[in-house]
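Could you build all of it, start to finish, from the sequences and the hints given here?
Line by line, the protein sequences are chains A and B.
Quick note on the working numbering: the first sequence kicks off at 1 and runs consecutively.
Quick note on the working numbering: the second sequence kicks off at 876 and runs consecutively.
If you're looking for bench data, these hints aren't it; they were derived computationally from the structure.
Do not take every clue at face value.
Take a look, some chain B residues computed to stay more than 10 angstroms from chain A by CB distance [unchecked claim]:
#1 E883
#2 I902
#3 K935
#4 E968
Per the computed footprint, the stretches of chain B lying under chain A, defined by three or more beta-carbons under 8 angstroms from a beta-carbon of chain A, are [claimed, not checked]:
#5 938-950
#6 953-967
Ideal Cβ placement from N, Cα and C applies to all residues, glycine included.
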Amino acid sequence: MTDQHLPEPPGWALKLLHWYCKPRYLEAIEGDLYELFDLRCQSAGEKVARRGFVWDVVRFFRWKYIKGLENSKRLNQFDMWKNYFKISLRSLWRQKFYSVINITGLSVGIACCLLIIIYIKHELSYDRFWKDGDRIYRIAINDRGPYTPTRLGSFLKSDYPEVESYTRLNGLYDFSFAIGDNVFSEPGGSLADSTVFEVFDVKFIEGTPQGALSEPNTVVLTKSVADKYFPHETAVGKIIKSSGDAVKITAVVEDPPANSHMPFKYLVAMPHEYWATTGWWTGNNFFTYVKLAEGASEEAFEVKILDFMRKHMAKDLMETYHYDNFDDYLASDDSYRFTLVPIQEIHLNYPRLTLAESAGDMDNIYIFSAVAFFILLIACINFINLSTARSGSRSKEVGIRKVLGSVRGELIRQFMVESFLISIFSLGLAILLSLVALPYFNDLSGKQFQSMDLITMDNMLWLTLLLTAVGIIAGSYPALYLSSFKPVAALKGELKSGKSGSFLRKALVSFQFAISIFLVIATVIVYQQINHMTNQKLGFNSSNTMVIKAGSALKDSGPFFRSKLLENPNIGSVAASTTYPSQFVGDWGYSTVGDVKDNDSLYTMFADSYYLETMGVELAQGRFFSRELASDTASIVLNEAAVRELGWDDPIGQRLERSEGVLTVIGVVKDFNFSSLKRKIGSLAIRYDPEIHKTRWGSAYYLARVNGNYQETVNYLNELWGTTAPEEPFDYDFVDQAFAKLYESEAKFGKIFTVFSALAILIACLGLFAMAAYTLEKRFKEIAIRKVLGASVFSITTLVLSDFTKLILFGSIIAVPLAFYVMNQWLQEFAYRMELGIVVFLMPVLAVTLLAWLTVIYQSLKTATGNPVNALKQE
Amino acid sequence: MQRINLGEFEELVLLITAVLHENAYGISVLQEIEAQTGRQINISAVHSALDRLEQKGYLKSYLGGATNERGGRRKRLFSVTASGAKALSDVKEMRNTLYDQIPKVTLKLNFV
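Spelled out as structure tokens, the structure:
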């Protein structure tokens, strides 16, 4: 027997059993397991027996066999906790009405916070993903001007060793590509130097960074574009046609993440060699990025750029601005400085520098956080109020507990458990709510969040923190207040109505309504301001003016296209210009002709002679350009703002000078809004170019006055365009729609405010509803006695309502001045401001009061119309 | 009649313990249940039921002598107490009373 191999059960399982099992039961269990093991060895073999043994050990892991739980002190503690939970659940269940209101309010509040947390996290994450992103800077002019001189980057790199690499970008533009016979217009194209990959660590999928963009007519596609046009083949090496040039695809890279200030879809090599080597230092046309060496200081480098300006740029700058001494220039208002802007700050703090369609706004982040915080606060106030209000009905419980030997710490724990249970329930509901609300939130915020973005480790951590904070804030007051009762007083019922808390309750309700009223006033003002702007007189005819873009693609067939347009009966008149209202207008420098040269900058656009009649702009003095006079290319038409700026009493015949030559003023047009209503009308100069489709001065647009039948007209134009300029896709816009787009961010702001203020009021009214129910329950007998003594239903209802109305009015006393101050600040950024009349403040206060009445009136009426006998007979 | 707090499985274990008389411990109860009813049960369930019955006072237990089997561990043997026996007979009596009251028609319909 001894030399025979005896099967043994797995040692680790035995150890496990020894570790957890109570010694009292251990021997019998172990013995049985051994016996079973031997039996199984005989019937099914050792392997099965070992597995069975492990499984049995696991199955014995039961409450009553686990060691340690018999320790009397710990067991007691454990039982107490179990009891806290049991009592909490019971009390929540007994007070269903209050529990539901608490949980609903809190979960809406937490859901708002969760959504806003992911939004803010996204906004703050912009451009954090680049390798060495903290060393990459954008060079801007005075922190604002995005464009910099041609050779700035390359000269900086050769002059200063701390510049590790530089690159220039331009864009983002729409380029059109021909692949086979199909023409596509693809947005998101950026011109880039070949060094772009030294600055930004773009990930290559196919091809290499070396030489990817070193020759003209090469392009690097992102994966999304490559997959779109070359779905099942490799894009690298393919030739596509763009504006007649054969362009070679040299590489495919990963798409930049959504949180980038330069969301390019493809990078096109800079087309001309001379763009890198020559160019005036006063011509600013490129975005310049530099990567500084590790340890190089931003401030020190900005000072060095000043030396750089003196060395390379002084001559050009002095000539342009007419100074004899560079120091005089530097001291003057005409001068500017180059500044370094860290790319990670561009999105939120430098909206003018972003390449993306819309930049973020630090203010919005603050506003959102504040609003989310306030909504949560309102919900917490509900909780505090309801708990303290109900303290009267629980004072007996507290008294009994104290008499039975409960110490204060245990009572505090009891109430904290209750508040944490509520916040845990709310949290679960909040996660569900936010998942449901996510698509709508995406609509509002203009982002694309997935459900997975909501449920991340990070967010769960934040939520746990939030949960703890809410639990403590909402639970601490009731916990401390209720646990401080003297047992005798509590049992005698001296604390019946929770009087000491009633002032605090009233103050908190007022505060809730102050927040709600503030939010409603803000919403009303935001909307009124948007209305005010869109109803402004633009000074031209915007409603039916259609813009046909990319006019330069027409080349020599421009006049033909124009005549064809006029053949259509729906089109009244046609003009061409280098820009259209709502779009960017270039800022050009002019100087007056005379002994004292005066420098002025005017927004400059080119137009043909039909511009005035097509756009409906009115002439104030002189005449507009004439197609009979070829010499009008040396003429200039100003707007009234420009005349005012130049200080001319009699502008006709005055002359302005530029490097191209001397221009004579022939007319003045009335001011019209050529950019945005957020700004005052700037000084505008219109110059004559009879052949805009061949213009050297910018893009070419055809402006057509359409008299109706829009769809038909668009179809006609589409077809016409297809035959005249087949290499370019047809693209159009309407001026009024383009204008509306300018106020998109304000409209979005308004929408977000509407949603949040609605939520805030909802939660506040929920709280009010519960408070009213509670108060009326307490005053049940009082009201009955009043009725017996002859009070009418009306007088009782008004009595109850007036109590709550006082609270709301008190809240509005806080909210109105605050709203006036804050919204006045907000309006300052608009050139055309609405009047802040009394109505915009009065209406919200009235509306909120009315809503509160509606909330309370049902219960008031119910109490007031009840039979007083029912109230009085119970005792 | 006083309510007898006895679950279905507990009743089975109590009966088997009574049947095994002086030789009832974990494994023998387990095997007997399998043999008598064909039910497959985990040993931990049997232990748990035996302990519960002991807590309720229907069973009492003592440790048997050491043997070479079972890795030298002693058995924990169970026997039915007086209140256990009473509980069994009460349950049986109630069953019988109820069974006798069933109208014959119902039984016929069900068993034919």
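Outcome of the hint check:
Listed as a non-interface residue, E883/B keeps its Cβ farther than 10 angstroms from every Cβ of chain A; the least gap is roughly 19 angstroms. With a cut of 10 angstroms on Cβ distances, I902/B falls inside the contact zone with chain A, its closest approach being about 5 angstroms. Separation of K935/B from chain A is adequate, the least Cβ-Cβ distance of about 14 angstroms exceeding the 10 angstroms criterion. The beta carbon of E968/B sits about 31 angstroms from the closest Cβ of chain A, which is more than 10 angstroms, so the claim that it is off the interface holds.
Residues of the segment 938-950 of chain B with a Cβ under 8 angstroms from some Cβ of chain A number 7, which satisfies the need for three, so the listed coverage holds. With a cut-off of 8 angstroms between beta carbons, the segment 953-967 of chain B has 0 residues touching chain A; three or more are needed, and the interface restraint is violated.
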